[in-house]
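Colleague: Sequence:
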Amino acid sequence: MKSFNKAFTAALLGVVALLGVQTTAVQAAEEGWLVDFEEAKKLSKETGKPILMEFTGSDWCPPCKALHKAVLSQDVFKTEVPKSYILLKLDNPRDKSHQTDAEKKQYPVLAKKYGVRGVPTVMLVDDEGKPFHQQVGFGGDKAEKWVADIVA
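So for the sequence shown, our numbering puts the first residue at 19; every next one is plus one.
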């Protein structure tokens with residue numbers, strides 16, 4: 019009976035772990051954000067839309083959390099910005115347990131490539147990854163102003 023309980027517990031933990039990874043990917047997709055730079059560039063080429071890259075520290079950075087709460091999670095952002103941009107979230111959380119190995123490896127490479135020295139950094143790039151706008155930090159703008167500035 020003890021070996022059955024151990025096997026059952028191990029199997030259950032494995033299923034829970036897989037569901038956690040799948041849930042994270044689904045949540046990102048539901049919110050309209052990609053997490054893979056190459057996928058974002060491919061979609062950018064297909065649609066002709068530039069990429070809005072958000073470099074963030076989602077679980078530890080107060081300005082990142084403020085940007086998310088005040089702007090990125092607001093309906094005006096979620097409805098208007100994806101009409102003009104491919105959304106790419108590049109996260110460097112303390113708790114990396116919900117990230118794929120590719121996401122973990124991608125962040126430092128792209129942060130170095132683009133010279134990211136602080137978060138949040140929002141960068142607009144073309145389908146080749148060439149930047150044409152960068153904003154570091156969050157000044158507290160309301161979502162409507164932030165969206166109007168970025169889609170103008």
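If you're looking for bench data, these hints aren't it; they were derived computationally from the structure.
Some clues are possibly wrong.
Said to hold, decoys possible - Simulated DEER-style distance windows between Cβ atoms:
1. G133 to K83: 33 to 41 Å
2. K163 to G50: 16 to 24 Å
3. E64 to K96: 15 to 23 Å
4. D119 to G157: 21 to 29 Å
5. E49 to W78: 32 to 40 Å
6. A84 to Q152: 16 to 24 Å
7. G158 to K63: 16 to 24 Å
Stated by the list, open to error - Okay, derived cross-link-like pairs now, EDC-like style, lysine to aspartate or glutamate, Cα gap no bigger than 20 Å in a straight line:
8. K96 to E146
9. K67 to D54
10. K160 to D144
11. K59 to E162
12. K67 to D145
13. K60 to E146
14. K67 to D113
15. K107 to D145
16. K87 to D145
17. K163 to D113
18. K87 to E57
19. K101 to D77
20. K63 to E162
21. K160 to E57
22. K114 to D93
23. K87 to E146
Only a predicted model underlies this, so the values are computations on that prediction, with no experimental measurement involved.
Here a beta-carbon is modelled for each residue, glycine too, at the ideal position from N, C-alpha and C.
Colleague: Of the hints given before, which are not true for this structure?
Modeller: Violated hints (numbers, rising): 1, 4, 5, 7, 8, 10, 11, 14, 16, 17, 18, 19, 20, 21, 22, 23; every other hint is consistent with the structure.
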